[in-house]
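Given the coordinates of chain A, assemble chains B and C onto it according to the supplied hints.
So the protein sequences, as listed, match chains A, B and C.
Sequential numbering from 1 applies to the first sequence in my numbering.
Sequential numbering from 1 applies to the second sequence in my numbering.
Sequential numbering from 1 applies to the third sequence in my numbering.
Quick caveat, the hints were computed from the structure, so don't treat them as lab data.
These numbers come from a predicted model, not from an experiment.
Be aware that one or more of the hints could be misleading.
The calculated lysine to aspartate or glutamate pairs, modelled on EDC-like cross-linking and capped at a C-alpha distance of 16 Å, are [stated by the list, open to error]: (1) K128(B) <-> D262(C); (2) K51(C) <-> E36(C); (3) K272(C) <-> D78(B).
Okay, the calculated bits of chain B under chain C, using three or more residues with CB under 8 Å as the criterion [unchecked claim]: (4) 90 to 101; (5) 105 to 116; (6) 137 to 148.
Backbone N, C-alpha and C fix where the C-beta goes; we use that ideal spot for every residue, glycine too.
Each chain is listed here by its residues.
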Amino acid sequence: MEELLEKLKGEIIEQLNLEDVKAEDIGNDDPLFGDGLGLDSIDALELIVLLDQNYGIAIANPEEGREIFQSVQSIADYIEANRN
Amino acid sequence: MNLTISTYCTIYNKKVFLNGEQLHEDLAGEEDFLKALYKKLEIDYSKFYKMDGISRLGLLGVELLKTANHGLLNCEDDEVAMVFQSENGCLESDVNHQLEVNKKSPSPAVFVYTLSNIVIGEISIRNKWYGESIFFIDNFDSNKNLLSYSKSLLLSGKAKKIIAAKIEHFDENVFLSCALIDEEGSMPLTDENLKKVLNTK
Amino acid sequence: MQIAICGIGTISAIGNTVAESLETLKSGKSPISKIENIRHLRKPYLGGQIKLSDEALKAELGIEPNTVFPRSALLSAWAAKEAWGNSENHDEIRTAFISATSVGGMELSEQFYFDYQQNESFDLIENLSTHDNGAGTDLILDALGVNASRYTISTACSSAANAILLGARMIEMGIIDRALVGGGDALSNFTLNGFDSLMIYDTEWCKPFDDTRKGLNLGEAAGFLRLENDKAMKLSDSQPLAYVKGWANANDSYHQTASSPDGKGATLAITKAIAKAGIDADQIDYINAHGTATPNNDLSESTAFKNVFGNQIPAFSSTKAFTGHTLAAAGGIEAVFSVLAIRENLIFPNLNYSNAMKETDFAPQTEIKSQEVNHVLSNSFGFGGNSTSLVFSS
Numbered sequence: 001m002e003e004l005l006e007k008l009k010g011e012i013i014e015q016l017n018l019e020d021v022k023a024e025d026i027g028n029d030d031p032l033f034g035d036g037l038g039l040d041s042i043d044a045l046e047l048i049v050l051l052d053q054n055y056g057i058a059i060a061n062p063e064e065g066r067e068i069f070q071s072v073q074s075i076a077d078y079i080e081a082n083r084n
Numbered sequence: 001m002n003l004t005i006s007t008y009c010t011i012y013n014k015k016v017f018l019n020g021e022q023l024h025e026d027l028a029g030e031e032d033f034l035k036a037l038y039k040k041l042e043i044d045y046s047k048f049y050k051m052d053g054i055s056r057l058g059l060l061g062v063e064l065l066k067t068a069n070h071g072l073l074n075c076e077d078d079e080v081a082m083v084f085q086s087e088n089g090c091l092e093s094d095v096n097h098q099l100e101v102n103k104k105s106p107s108p109a110v111f112v113y114t115l116s117n118i119v120i121g122e123i124s125i126r127n128k129w130y131g132e133s134i135f136f137i138d139n140f141d142s143n144k145n146l147l148s149y150s151k152s153l154l155l156s157g158k159a160k161k162i163i164a165a166k167i168e169h170f171d172e173n174v175f176l177s178c179a180l181i182d183e184e185g186s187m188p189l190t191d192e193n194l195k196k197v198l199n200t201k
Numbered sequence: 001m002q003i004a005i006c007g008i009g010t011i012s013a014i015g016n017t018v019a020e021s022l023e024t025l026k027s028g029k030s031p032i033s034k035i036e037n038i039r040h041l042r043k044p045y046l047g048g049q050i051k052l053s054d055e056a057l058k059a060e061l062g063i064e065p066n067t068v069f070p071r072s073a074l075l076s077a078w079a080a081k082e083a084w085g086n087s088e089n090h091d092e093i094r095t096a097f098i099s100a101t102s103v104g105g106m107e108l109s110e111q112f113y114f115d116y117q118q119n120e121s122f123d124l125i126e127n128l129s130t131h132d133n134g135a136g137t138d139l140i141l142d143a144l145g146v147n148a149s150r151y152t153i154s155t156a157c158s159s160a161a162n163a164i165l166l167g168a169r170m171i172e173m174g175i176i177d178r179a180l181v182g183g184g185d186a187l188s189n190f191t192l193n194g195f196d197s198l199m200i201y202d203t204e205w206c207k208p209f210d211d212t213r214k215g216l217n218l219g220e221a222a223g224f225l226r227l228e229n230d231k232a233m234k235l236s237d238s239q240p241l242a243y244v245k246g247w248a249n250a251n252d253s254y255h256q257t258a259s260s261p262d263g264k265g266a267t268l269a270i271t272k273a274i275a276k277a278g279i280d281a282d283q284i285d286y287i288n289a290h291g292t293a294t295p296n297n298d299l300s301e302s303t304a305f306k307n308v309f310g311n312q313i314p315a316f317s318s319t320k321a322f323t324g325h326t327l328a329a330a331g332g333i334e335a336v337f338s339v340l341a342i343r344e345n346l347i348f349p350n351l352n353y354s355n356a357m358k359e360t361d362f363a364p365q366t367e368i369k370s371q372e373v374n375h376v377l378s379n380s381f382g383f384g385g386n387s388t389s390l391v392f393s394s
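Just chain A, with the same shape it has in the complex:
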């Protein structure tokens, strides 16, 4: 799990062009949207692309993303639960 969390942080920074952010700046449970990293709706869609391309997990309804993308931890949990 620890490894997945670190890998995810790196992937998120790269996919979302968060140039000023380092992996160690992101707490596992920090909120990604709103006050946290300040991500927006397009970032949420990019995260859906990331899960699809890197983990083979397809999310059909963007509304589902709200729950899944709360934090790096919640994304990792979702990946663990849905990876075959």
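Relative to chain A, chains B and C alone:
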């Protein structure tokens, strides 16, 4: 009404000119010039990194105008209008989106920049400006759009300040010239002056 | 100074002419169906497609079959020709042609690109010559034989509305006497894939203002108006169909693609356009809404309605369930529909609506309705926050 060009700025060939005077010459050797300029101007706006080239270029041009003209900072939120023109528009993002289409999931973050007027949207968001804007596609040499549209906005009281710009960001062709048009300056708004300010490559 | 609309022209999935379009609007039947005859589609999409092929359009317009002529520009030439009608070039009528497009030559460029990628074929290399949005404007004017100063606008889905705004303003300021204004966009893989990547492409018929709406269907279209001042009307013996009374543009200044929750840009545009028209908000008889059927647009636009009209929301509908969202053309065809609403005293229905949005307490007009229509508000909001409202009057 006495319309003038009160401030102007040009960015090309890794050079920056503000009111005709060259600035930030030390950045000429930077590989990613716009990023270096962003850092040099000490703008704290991390969304910059998510933007495509044309949006980065436009945003920096307006930041430079602001450093020389504080009047821009003290406008009501719908008093600044933007009139932009380009030959290639968002061609660079068009190409990038086309490359994405081959992938399993095309990137939405690339697609959102495949409209020429997004640069104006980004500048509006950054500055909380709600004023009128338009984006023309035309040849570089032509100034008729910028001149007549800017005049009409100011004369009809639809705006107090106009940012008129020519912008290109495709491959090697990176060019921005922009002029702040209002009643505050000393250079009269004429065809000839606009040409001098906007058409110098 | 009155700015008269003396000619209208449109082509879209609902008809190749103004008359055909009116019949479909009255029928209440949407022609939106599975998109066909576009190469390299990634998946099946529903859309508003015009059945005429490029070859057929060229033949009717008298364009050589081998001419490289993007479909967006062919559609624009078609609609502009109908709006131009029997008008003639005249030395004393200063005329502008203001054309809007966002797809431009993309649909030809991508065909070259697919061929090149698959077998390194350069057969379609000439297609690239019309990629830039401005190239089409010259082609259209040449095809029509109209002498005019030319302008090309590209501000996403408000493009054609901005062409109308610019034409009206130039006439008001005495810069020109007559303007042929509007826009056209064809369907392309580029836009279909793009909106799909934003996860706002409905796999079923789009449902504007419905609580369960999932997104848009795209469509292809062109819509043009011929605007004239008194002098042009006198010299060319034109008759007014309606007038452009109000116009305004504002920026929503919120997000590249999403509209703001408080509908600020839309509210500014609507308020200023009504003020420019010199009427009160309660005089608006019908709103032809932007109404793309994306969750975000329809909520933001509804909020703007509340901001401007309070509890007295005029009859409103989105005609995009008929035509699909036709991007840069939308403001053009919907201007034509607004003129038809005034001429025919009709309010067109908002199809596919059945569930009230939970955030609002008002519903669109779902059945065609006969009533006196004197003032129509037409909204066009584009990505990049570009928000335009127009007021058309009898």
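Hints, verified against the model:
1. K128(B) <-> D262(C): holds (14 Å)
2. K51(C) <-> E36(C): Judged against 16 Å, a Cα distance of about 9 Å means the pair holds.
3. K272(C) <-> D78(B): This hinted pair holds, its Cα atoms lying about 11 Å apart.
4. 90 to 101: Three-residue rule met by the segment 90 to 101 of chain B, so holds; n is 6.
5. 105 to 116: holds (count 10)
6. 137 to 148: It holds, with 6 qualifying residues against the three required.
The structure shown violates none of the earlier numbered hints.
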